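Colleague: Sequence:
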Amino acid sequence: MKKVVVILLTILMLFSLFQGALRRNTVEASEDSGYSETIVKIVLRIGQTKFTVNGNTRTLDLPPLIKHNRTLLPIRPIIEALGGTVKWDPAESKVTITLGSALIELWIGKSTAKVNGVDMPIDSTNPEVVPEIINNRTMLPLRFIAESLGCDVQWDGTTKTITITYQANLISIKVGGIYTIDLEENSTTGYKWHCNITNPSIVGIESEKFIPPSGNRIGAPGEHVWIIKGLKPGTTEIVFKYYRDWEPDKIKKMIVYKVFVN
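FYI, the numbering for the sequence shown is 231 to 492, going by the numbering used here.
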């Protein structure tokens, strides 16, 4: 009998821990709101013009190539597959990329770019990584751009394959409705989430708090929680950036929620 009780208690403890894990990085909606997500997965291979977007084949003008240990490629088809836009200014040799509230400006031959108006190095370890024109095509550094837009970038050196994953988070809410955004945060590393609402007249922050890890385990992540309220009909974005207060230009993660209030 004692053995059965011990087993049952162990199962309950494991289930409790599993539930806690599920609460990380979630959105909890009230009856007046809803949440959905769209995931775009792009797979490219060095030296090949064919790439896939959620399994559907598309074509680049030139194949991706590696220079200074970084992947360069014609970026327009990638950005448009994510739902963004690309503009070329020949007078300034400048490329402007927009996706949601993110704005990236790059110049041919220049090792720094602007991300939402902030100067950032394209590659802090190698200033030779710059946008270039190759065979009459503008070739841009893929990882810097993708990560600045909030994408996850994975490299497989064996197959020379790059996988880009972009998750579009969509929230719909009625005026007066609320929802909760819950993101995992490890304050012991110095990193924390910073929230910015593009149009604060449409949605506002009702409350914000940090929940330490259960049992105050040293080095374990806690939860940063925001309760958001719909204020008036319209569309806006909530941008969360994960960085240290003293290094605002070194963003480790970025999550964007597009919010529709009706």
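Heads up, some of the hints might be wrong.
[Said to hold, decoys possible] In the SDA-like style, the derived pairs of lysine to any residue whose C-alpha atoms are separated by at most 20 angstroms in a straight line are: (1) 488 with 435; (2) 324 with 286; (3) 340 with 313; (4) 344 with 478.
Read the hints as simulated data drawn from the structure, not as lab findings.
All values reported here derive from a predicted model rather than from experimental measurement.
Colleague: Which hint numbers does the structure go against, in order from smallest to largest?
Modeller: 2, 3
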